[in-house]
Structures are given as structure tokens and as C-alpha cells.
Amino acid sequence: MTTTTAPSPAPVSTSTRYEQRLARYVAAMRNEKPDMVPIRPFVAEFTAKYAGMDCQQVTQDFRLAFDAAIRCAADFDWDAVVANMVYVWGMIPQVIGSRYLAVPGVGLERDTGFQYLEPAEDGAWMRADEYDALIDDPTGYVMNVWMPRVSRYMVSPGETNTVQNNLAWLKGGMSVMQYFTAFGGQIERLREECGTVSAIAGILKAPFDIIADKFRGYLGLTMDLFERPEKVMAAVKAMMPHMLHIALSTADPAKQVPITIWMHRGCVPFISPKQFDEYFWPTLKPIIEEIWGHGHQTLFYAEGKWKHHWGRFRELPEGSIIYHCDRDDVFEAHAALGDRFAISGGIPNFLLSFGTPDQVREYCRKVIDVVAADGGYIMDAGAIMQNDTSIENIKAMTEFTREYGVY
Amino acid sequence: MSDPYEPLRRPHPRPAGTVVPWPEQRKDMGEMTGDEALVRKTWEEIDAWSYAFLWHCVVSF
Chain G
14 MTTTTAPSPA
24 PVSTSTRYEQ
34 RLARYVAAMR
44 NEKPDMVPIR
54 PFVAEFTAKY
64 AGMDCQQVTQ
74 DFRLAFDAAI
84 RCAADFDWDA
94 VVANMVYVWG
104 MIPQVIGSRY
114 LAVPGVGLER
124 DTGFQYLEPA
134 EDGAWMRADE
144 YDALIDDPTG
154 YVMNVWMPRV
164 SRYMVSPGET
174 NTVQNNLAWL
184 KGGMSVMQYF
194 TAFGGQIERL
204 REECGTVSAI
214 AGILKAPFDI
224 IADKFRGYLG
234 LTMDLFERPE
244 KVMAAVKAMM
254 PHMLHIALST
264 ADPAKQVPIT
274 IWMHRGCVPF
284 ISPKQFDEYF
294 WPTLKPIIEE
304 IWGHGHQTLF
314 YAEGKWKHHW
324 GRFRELPEGS
334 IIYHCDRDDV
344 FEAHAALGDR
354 FAISGGIPNF
364 LLSFGTPDQV
374 REYCRKVIDV
384 VAADGGYIMD
394 AGAIMQNDTS
404 IENIKAMTEF
414 TREYGVY
Chain B
1174 MSDPYEPLRR
1184 PHPRPAGTVV
1194 PWPEQRKDMG
1204 EMTGDEALVR
1214 KTWEEIDAWS
1224 YAFLWHCVVS
1234 F
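Chains as they are written, first to last, in this note's numbering: chain G, 14 to 420; chain B, 1174 to 1234.
Mixed in with the good hints there might be a few duds.
Claimed, not checked - Which residues of chain G face chain B? A partial, calculated answer using Cβ under 7 Å:
#1 Gly186
#2 Ser188
#3 Lys227
#4 His277
#5 Pro299
Unchecked claim - According to the in silico footprint, chain G covers these stretches of chain B (three or more CB under 8 Å from chain G):
#6 1196-1209
#7 1219-1231
It should be emphasised that the hints constitute simulated quantities derived from the structure, not laboratory data. Here the structure is a predicted model, which is why all the values come from computation and not from measurement. All residues carry an ideal CB built from backbone N, CA and C; glycine is no exception.
Turn these sequences into a full structure, and let the hints guide you.
Okay, here's the thing in C-alpha cells:
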């Protein structure tokens, strides 16, 4: 790693810059050594703060969120960003009448990020005696039981119909279609206006996580693991083809940027090592392998600490994942996984929010010296960056990495 | 799990990616006097959107 400032690059066109950044980012994700350490910050509500907006604006109107992301991508020398990391467009839960998503400016303070409201154990969105219905027909269960239950407006088949019900289905479908269709234009803007790569494509959740997150709740599921374990296993298996389909249906056709799995609570100590080995891993691993078989990498966005499971992750085909480090020690993660997979992240969010620019630079120096020494590292914070993140510190992380992270 | 891939391959009357599979919809459409393949293709495209809506409410929103 160089100890001198990189020479000032000659002016390049936006298209050339895009190609350079894409090559740099892809090389690092393939665990190769690019020309310099790529920077791919997952900036969420930070974009609002930088663009002079608040959380309500970027959540309520995705076009403002797109503009804020573009503003950041234009001003910072980042190789790749998420087209809109404030991913939940507030209009969707509003037209559906969602009972579990709280949106800034509507019940929440307008400059607070959107919130997921965890149900009480006895108020889970799926009842304990409904496992068979979910297992037998997952999509039918989602449509006929789950949606009407999580919505204030929708009604189940057989119930008295309402105007609100009709409009919730109509507007819900139209809003999702409008939002997803708009991403194509946003990705083009990133490329054409900023020369910046859209960092990810395709979303994945672990089948086990989805049962906990959206159906039984964390408390409900952990009790079910003792009271009806065979039903849990059958339900988790029933989720597998749907999680795979959702992931592949929005993946990058060019197979350059990864599908992202957002990993929440499927790890020790939320569940036991035995439960991880019996439920979480055997029903996720085939999906990752199938995705790899289709030519896509998966970005393991490992929120929290997943050190206990690194041995399992090593079972995956070499290069099939990029391991994103949140609260794990990034140096340990590199030592344990770096021979098989690229590493990203690991810069502590508290440092980026409350540290000084010198502290940020010093931490980045260590990460570049050790984790990025042979390539295979992408600079980023541990977790998505919200509006508590210091602009000054993001500048320090970016500029230092660009100067010091040249191979 | 004996075959870890089995849950991904298991046949299902409503396979992943569909809400109303074409064979079911076809029964409801009566005599097909024109190009059935064209009808099927466009039906499946819009059906995939309805599937995406339902499952992204579960996965994304």
C-alpha cells in the first residue's frame, strides 16, 4: 500500500470513470486486487442530511430520495452506491395501511428514520395454528390471510368488502410497480450524471429470518422452535423457493453486482448454535449455492455479529459471497474468511458518527494496511449510515481511502 | 435434510413467481381463437408483477 498521495488523475469522461469504477469494484468483490481500494458506502438517511433534506422527505417521496443519492454520488468520489438506500418508500405502507411500518412525519418525528414495529408475542401477524396453511400454499396464505391482517384496509376473502379494501389492493400494486420501474432511470442517472455504479441488485432474506421478521415475530418463532419444531422446519423449507425467486428475479443481468442478503437475527445469541445448524443454515446454504450456480455473487450483509458462524460460511464455494462486516472485528473476519471471500465494511458507525476525522483516518489506515493489503476489500461502514453520520467524517473516510488506498 | 435442494425443486400448484398459474387461468378463458402463446406470455408477465407485489410486501416493505 502506498504511503504517498496518489498522483492527480488526468480528467476523464463520466463514462470512462464509470468503467474504471466498475472494474475496481468488481475486482475487489472477486477477491482480486484492483488499482485501488473501492469505496461503496451504504448511505441511507445520510443522503438526506447531506442534500439538505430530512427523513420525511426522502422516505415520503422516492424522487427526493433519488435526488439526494445523486447529489452524494456527484460530490463524493465513490465507486458504487445503492440507488436508494432509504429503501422503504413511505407511500407503500401508507396505501396498504401497514400496521408494522412507521414512517417519519406520520406519527414519527419527521427527521427520524422509518421504524419497524415488532408485534407482541400474542399479536404476531401469523398465528401459531396457521403453519399448515402457510406450508401448503405460501403465496395464497400471504394474499388471503397475511396481507389483510397486516393492513388496516384489506379484508380477507369472505369478509364484507369495502371501498378501502379495493383501493388498497389497487394503489398497493400500482405504487410498487411505479417504484420498482423508476429504479431503472435512477441507475442510469447514477451512471450518466455521476459515473457511479449501482452497487447491488436483487434482495434476499434467509427463510428462517422471514418467518421471524414478518410472520411469527422473533418471540413467537423462538417459542415455536420448542413447541412445534417440525412445523417451523416445514415452513422454513416452504419459504426457500420464494426467497430464491425474489432474489433472482431482480438480479443484475450482467452478473456483475451482487444480490444482497440482509441478515438480522438468525445468529447466536438470538438462536442457539444447534438451531442455527438445524434451521437457518441448511435452508439458506442451498439458496446461496443456487444463486452462485446462476452466476451471481451474494453480499452477506451480516448485521450485528456473526463470528460464531464463519466456519459454516466457509462451506460455500470460494468467491460466491462477499462478507460484509458490521460489529464483527473486521481484522478477525479477514483472517477467518479472507482467503475465500472478499470483505467489505467494518468501519464502526459510532466512529463515523461521533469520532474525529483523524480517528476515522487512523482506523481506515489500519483496515487498508491489513484487510485490504492483497485486494479483496471494499471500504464501507459496518451498517447503513443514517442521519447521525458526520459529513466531515465521511469526507475523511473517502478522501483518505482515495489517497492511501492505491495499490 | 437428506437432499438440501429438494425444497427448491418440489412441484407446487402455485410455483414461485406465480399467483394464478396459466393452466388455472386458461380454464377460465374459454375457446382460444387466436395465438394462445401470446395470451399466455402476457398473462404470465402481469401475473409475475402481482407475485412481486405480494412477496415484496413480505420481504422488502
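Hints, verified against the model:
no., hint, in the structure
1, Gly186, "holds, 5 Å"
2, Ser188, "violated, 9 Å"
3, Lys227, "holds, 5 Å"
4, His277, "violated, 12 Å"
5, Pro299, "holds, 4 Å"
6, 1196-1209, "violated (count 0)"
7, 1219-1231, "holds (count 11)"
In terms of the numbered hints stated before, the structure departs from hints 2, 4, 6, listed from lowest to highest.
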